[in-house]
Structure formats: structure tokens, C-alpha cells
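Trainee: Residue-level listing of the chains:
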Amino acid sequence: MAEPQRARPKPTPETQHFWDGTKAGELRLQRCDACAHVYFPPRPFCPSCASRKVTIFKASGKGFLYSYVINHRPAAPGFTPPYAIAVVELAEGPRMMSNIIDCPQTPEALELDMKLEVAFEALDDKITLPVFRPAKG
Amino acid sequence: MRSNQVAVVGAAETTELGIIPNASQLQLHADAALNAIADAGLKLSDIDGFATAVETPQQVCHYLGIKPTWVDGTSVGGCSFMLHVRHAAAAIEAGLCKTVLITHAESGKSMIGKAPRSIPADSLQGQFEAPFGVYGPPSMFPIPVLRFMKTYGITHEQLASVAVVQREWAAKNPRAMMKDPITVADVLNSRMIAYPFRLLQCCLVTDGGGALILTSADRAKDFPRKPVYIMGTGESVATPMVSQMETFNSSRAFKTAGPLAFKEAGIAHKDVDHLMIYDAFAHLPLFGLGDLGFMPHEETGKFIADGNTRPGGKLPLNTNGGGLSYMHSGMYGMYALQESVRQMRGIAPAQVANAKISVCHGVGGMFAASGTIVFTNER
Numbered sequence: 004m005a006e007p008q009r010a011r012p013k014p015t016p017e018t019q020h021f022w023d024g025t026k027a028g029e030l031r032l033q034r035c036d037a038c039a040h041v042y043f044p045p046r047p048f049c050p051s052c053a054s055r056k057v058t059i060f061k062a063s064g065k066g067f068l069y070s071y072v073i074n075h076r077p078a079a080p081g082f083t084p085p086y087a088i089a090v091v092e093l094a095e096g097p098r099m100m101s102n103i104i105d106c107p108q109t110p111e112a113l114e115l116d117m118k119l120e121v122a123f124e125a126l127d128d129k130i131t132l133p134v135f136r137p138a139k140g
Numbered sequence: 006m007r008s009n010q011v012a013v014v015g016a017a018e019t020t021e022l023g024i025i026p027n028a029s030q031l032q033l034h035a036d037a038a039l040n041a042i043a044d045a046g047l048k049l050s051d052i053d054g055f056a057t058a059v060e061t062p063q064q065v066c067h068y069l070g071i072k073p074t075w076v077d078g079t080s081v082g083g084c085s086f087m088l089h090v091r092h093a094a095a096a097i098e099a100g101l102c103k104t105v106l107i108t109h110a111e112s113g114k115s116m117i118g119k120a121p122r123s124i125p126a127d128s129l130q131g132q133f134e135a136p137f138g139v140y141g142p143p144s145m146f147p148i149p150v151l152r153f154m155k156t157y158g159i160t161h162e163q164l165a166s167v168a169v170v171q172r173e174w175a176a177k178n179p180r181a182m183m184k185d186p187i188t189v190a191d192v193l194n195s196r197m198i199a200y201p202f203r204l205l206q207c208c209l210v211t212d213g214g215g216a217l218i219l220t221s222a223d224r225a226k227d228f229p230r231k232p233v234y235i236m237g238t239g240e241s242v243a244t245p246m247v248s249q250m251e252t253f254n255s256s257r258a259f260k261t262a263g264p265l266a267f268k269e270a271g272i273a274h275k276d277v278d279h280l281m282i283y284d285a286f287a288h289l290p291l292f293g294l295g296d297l298g299f300m301p302h303e304e305t306g307k308f309i310a311d312g313n314t315r316p317g318g319k320l321p322l323n324t325n326g327g328g329l330s331y332m333h334s335g336m337y338g339m340y341a342l343q344e345s346v347r348q349m350r351g352i353a354p355a356q357v358a359n360a361k362i363s364v365c366h367g368v369g370g371m372f373a374a375s376g377t378i379v380f381t382n383e384r
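Going down the list, the protein sequences come from chains A and B.
Residue numbers for the first sequence follow the working numbering, beginning at 4 and rising by one.
Residue numbers for the second sequence follow the working numbering, beginning at 6 and rising by one.
Hints were generated in silico from the structure; no laboratory data involved.
There are no misleading hints in this set.
Restricting the straight-line Cα-Cα distance to at most 30 Å, the calculated cross-link-like pairs of lysine-lysine (DSSO-like) are:
(1) A:129 x A:118
(2) A:129 x A:65
(3) B:155 x A:139
(4) B:319 x B:177
(5) B:155 x A:65
(6) A:61 x A:26
(7) A:118 x A:139
(8) A:118 x B:155
(9) B:184 x B:307
If we strip away everything but chain B, and leave its shape as in the complex, we get:
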């Protein structure tokens, strides 16, 4: 796909984030969509392409009153929205539609109008993982961590520092759920969830949503907001079973999606001003930094512990506070995209000065899927 032919012209989160006891999941989709449409200065009738995950496109389109000519219901977990951006950019370039709305919402905490996740007993996961006591992401996502630590010499303190640094970013963000400063000792003394991970190394569980609107770069200049161009994209899927990853030393899905996006954008790692790596748990930024090629995996723990990703550091990472401190409704990818767009528009609460290129990397399931988007604010 060619770089910078499609742009984000509308972006918004739900009016509230956190605990939202007065709205169903479907209404949160609508709230985010209406906010994004207002942000773009459009009418609902201008939307001719639509994508969402978990909820079906027909559910959300009917509720909103949208009559699309292009739909995408790709639902591969929390990075589905990165894949939607990639697919939407291709569809707009191919002339299948002009203006795409992508929505995410999840009543992850309040569980209003949200189907519970279940694992069928005759699925491969139901036969070969569930019987051994896995029970939700905290018991599954950290399973590779001890091997990763042993292979690369990563320490518990380094993995704790991920949460500490992201709390520093969250402290600058009025909408972040958790803003009080924490120390490495606080992290290592927090309640054990699934050894080696403790409470402060696990994502929040919240309600919320977000929406994006994309159109061609040629049209984008006529919109009220500064366009944010899609410079490069990548995607892949690996396995729905964490036990069946090719290795616990890296994510094959990350290693496919990330380099694809960098190649398409034609950028080198030194060109990246701002980085988002979906952090459902504290090890993900380490996997991401290594698998996306920023540095050897061995160096990732020290890199974060030494402060390189904190405010003022040379590689600002997860600048909204991330899934660990900002919010995590269950499928956090949309919020990572929203933060990249804010940074490229220059309006983020913790704005990175003069940022021109933002890389936004998402994960779906337990390393099951991945999507990477490179954004720029220069065409």
C-alpha cells in the first residue's frame, strides 16, 4: 500500500472513561462514534464504510443508522482496530468507499450488554489449555514471561519498572484512571496475581470506547482537524493458544506486522518520535521493543528501567499511561490509536514536542494477533 494516501480526520473516545454504569456496550459504540463524527465535522450520512470488532457491523450500523457500502468485522482481539485501519486505508485507496468509521466499545467493568467470553469445551483451547487451570488473561498472558526472562537476563525489577514509568505518563493525563506515583518496590509488593506478575503489572479493567474516521488524504485537507496520515501498516495472526507460540522469546505475529509497517512507511527506527506498544501486561513493551527491531531483546528491560521511555526520555512510550494506568476495557488497541492520533495532532495531554512520526503497535489475544500502524502528520 502507498504511504500517506489516507488520513485520520476524526478521532474521539467515549465522553466518559473508567466505570460507566449508565450505558450499555452498544451505546458506548454510539457515544464514541457520535463524538468522532462531531470531531470530523461530518454527518452520519457521510459515512459509507464501517468497521468494528466483537459487536457485529450490522449491530452497530443499525443502531447508529449507518448504511455502508463497505464493512469489515475483523475481530482478532485488542488489535482489531489496527487491522481495521489497514483494511480501511486499502478500501479507500481502491475506491470501495470514501469515509470509514471504525468503532470500539466495551463495557469491560460494568458488563452491561456484553456477552461473557467463553471457551467451548470442544475447541482446541477448551481441550488442551482450559483443563489445566487457565482462567482469563492474567493466568495466560504472562505464561511466556519466565522463559523470556531466563533467555535474555531480564530482571523482576526491570519488569516492574514498566509499570512505574507508565504511571509517570499517566500522572500527566487527566483522563487516566490511575495517576498516583508508584515505585518499583510498590509494584513488587503489590498483590500476587500470577507469578511472576503482581497486580500493578496487570492491566486495568474499565469501560469505554473510541472511534476513528478515515478518508483520502486529498479530501483530508478540507476537514477541521489536522490530518494524520497512514504512513505504513502491518498485520498478522499466529495462534489462539499461548502454549503453542513458536517460541516464548518473541512473538511471531509482532515480528511479521511490525517490520511490514516500517517497510511500507520507509522509515528507520531512529525516525520514530513516539511509540505505543499495547501493554495488557508489563512484558509486552519488552516483546514489542525487541520484535519491532528497536533493540535486541536483551537490552529492552534495561532500556525501560534506565528511563529511556519515560517523560523526557529519548523514546516516549505509552504516553497516555497505557493499559496499565490509563484504561483497559479489554480491547485496548483503539486507545493506543487515539493517543497516537492526539500526539500527531499535537494535542495530547503529555505532548511529545515536535513529534512527526508515531508507531502504534497492537496485540490481540495472548500474542494471537498483531497490527502495527505508522502515523505521520507530514505528507
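So that you can see chain A by itself, here it is in the shape it has in the complex:
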């Protein structure tokens, strides 16, 4: 029997650039040309000022651990508990949900505000997920 699969995102026309980015090893955000607001998740207009003039750019991939849970049960398909579900605040401002790799999934190791950097985990040949690891140095 096949292993249960992790939930797999299905891009839409508005989010395709983000998933193209992760596949290429880039974390892409959007910035409003009119008011400079940086936002996530993707959409072709600024949720702050409604301008449709927005630019996709490569984010630094740096951020910090904003909050998390360590999920024990019920576990999502494709996950082995306990595993952390984290929210990362990016250096550019937006926050995103992710997982923390290369780090014990314990309250002692997962310190709020710890510095993180993006890494990329390929689910298959189409979808690569952005995950984060403790920043080096």
C-alpha cells in the first residue's frame, strides 16, 4: 500500500509564480509599486491600497520563528508526529506557515524569535515547498 501523501498544493493563475519560484529555489513575494506594501499570499493587486501595479521579487529567505505548535495528534497524512507547524515572519514583513527542518521538534530547540532561513523541499517534479531551518551564523 502506498504511503499516505502529504497535502499537495494546486497552483492557481494567481499563485503560479510562487510555485515556479520555489521550484527554481527562490522564495517570491510581491511588492506594490504604488505604496511599497509587501504582501503574501499572492494576488495580482495590493491588499493595502488596491493598486494592480505590483512586482514579483525574490525575497531574502530570512526570517524568524513567530509561533508554532508541535502537533501530536491527529497527524496529517504524510507526517510522523510529533512535528512542528510553524509560522515564520519574513524579513520583508509577511508571515507564512511552514515547517522547521534540521532542528529537533521540541519546545527546547524551537525558541520563539530564533533566526531562520528558507530551504526547499521537492514534493514531486512540479511542486517544491518552502521550509525553514535555523539560520547559520
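Chain B: place on chain A using the hints.
Mentor: For chain B alone, kept in the frame of chain A given last:
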């Protein structure tokens, strides 16, 4: 909206609460509705306005044989019924209908005639949350807790005390699912669900339903039950993605809905005799006390741990035992409203003596939506 122009004249829960293996979700809607209609001394044909959530209004109206001239299918999660009360009050005041029935029911445990909740893979949640292992409310709702604790210096023991205090209320309530006393140590030693939360800090999963009937305050005096007036109301929505909340230190939806209701009612916090804050998980009363302006968030954990919300305390909170101990079918807001109405009628199992103003605050989704109703039994 003007205060006290509309009143609750019928209120009832399903005949049974808890595990109900012999009724579908739709039949639970009907059971609650028929009980509320009997409570109000009405006939089904008297109902000309109808609201419900999750199930469509047409589904429930057809099943019951109701032919409404006003309907509301607002479905924003567990606080949908607070929004229905607000909308119904406005509709009655505007003359769109005279007598509104609001129903909730959920076969949350037995899952009979209930569509499973699913997250489409191409939704924003499906793309930007589901792939990271969220799986149901216990893995999502507590995500803000650690940040909230760090910001305000809230302790694990204080968050455990929420469950302890609510169990004290539940012990007074024959219909509560969980009545045995618990200690802070019991909570902190219960099975880990999603750190920092353990089993006893997570809501129950049960079957049940409830219904309310509203009409104009002028008509309300002719009904058999003591009218409970709608004094103030508020509502808002924020984001369906917990990761995209403006901050984890408060709920923007709470901070919009709560103050709106207080302002409309023209009351101050010291006027509140009885309070319900939808407690799907143990942190919600802390968010609620802070976001509704009862006290700074820093003080909320100590306030509850010190016993201020327990039986005999100065601010009775979640007096039915709450979602943690009374029942939680999945969309608990209706049961919070039912308890506020019972308290205002003076018939609650754990009645707060001489209570005249009750604030009932609901949440939908994971801080996605909010509705607040201020009730009074004096016009």
C-alpha cells in the same frame, strides 16, 4: 441599530446533547426548531424569517415546512448564529419579517448526514497551510498561543486554569458532558494534542443543536417566556488562514465585533453581569477578555487563575461549562447564546443571581470571524 427593539422569545437546545446516534444532522435542526417553537408557544406557520449555517436555509426550511419571506444563510463558522441574531434584529426592525427562527445543529461526533470538512488543494489554505501538516482545529487554533504567552507573560498553569474553572461551572449543569472536578495538574498531565495544548485544553466533540426565535420587543410581551432583549450587536471577519492573522497577540475580528456591541448597547465593562466567550480552546477566553476590553491582555491569565471567573467570582464566565466541558458540536456559538438567554431568563442551572446584562462573544474558524451580542432582561 437601536437597543432593545427586538427580543428572543423562544430558545431551546436539542432534546438530547452529547452522543446522538439516532438522528441525522438535519433532524437535529428540526428537533431544536420544534423545541424552540414550543418554548415560544408558536406554530411553524408563524415563522416568516429563517437563518441557519452550514446547512442551507432551503434545506432546513423545506424539511420543517417553513415558507419564509426573509432568509439568511451566513456561514462564517461557529459564531454564525451571533451574526444571524444581529441580522435578524435588523430585518425585524426594518419590517422585512416579524418572527425569525435561527437553527443550528451538528452531528459532530456521530457524523450522520454531515458533509466532511475539506480544504480544496487550490484554495489559499490548501496551498499555503495544508501542505505543512495542519489537520483539523487542534493543529491550527493553538498556533498563536506561544506568541501570545511570550508577549504577555502568560503561563502554562494559567492556561490550564481555564479548563479547571469551566469544569467547576459544568459540575453544576446536569446537561454538561464532563462534570468531574479537575486540577491544573490534571490538565498539564493530560495527553498532548498540539503543544502547548493538551487534551483538557481542547473542546469536546459532540452532537447537538439549538434554536432561537426573535420578534419585535413590542410583540415580545405577549409571549409566555420572559423576553430577552437584544441590547447591542457587532460582527466582523478577518482571515480564514490562521497564519495570516494581523498579529497573534489579539484577534482583529474580536476587536471589531466586541467594541461595536458594547457601543451599541451603551454599556461599560463594569455593567456586565454575565459573560460567554466561545472557548473552542483554552486560550480563547484570554483573547476575548483582552480584545473586548475587560482588561489588558497581560492580566487575563492571572484574572482567570485567581478565580475571578469561577462560580462566585466577580465576572462569571462560560457558566454552562463551555466548549471545554459542556458540549461542542463543532459550531458552539448557538450554545453560548442559549446559555446567555437562560441566564437572562433566570433559569440557568448555574444561575448568576440578579444578572441583568449578558455579553455573548463568538468566534468563527480560527479567529476568522466574530460576532458579539449584548443581551438584557430589562427594557
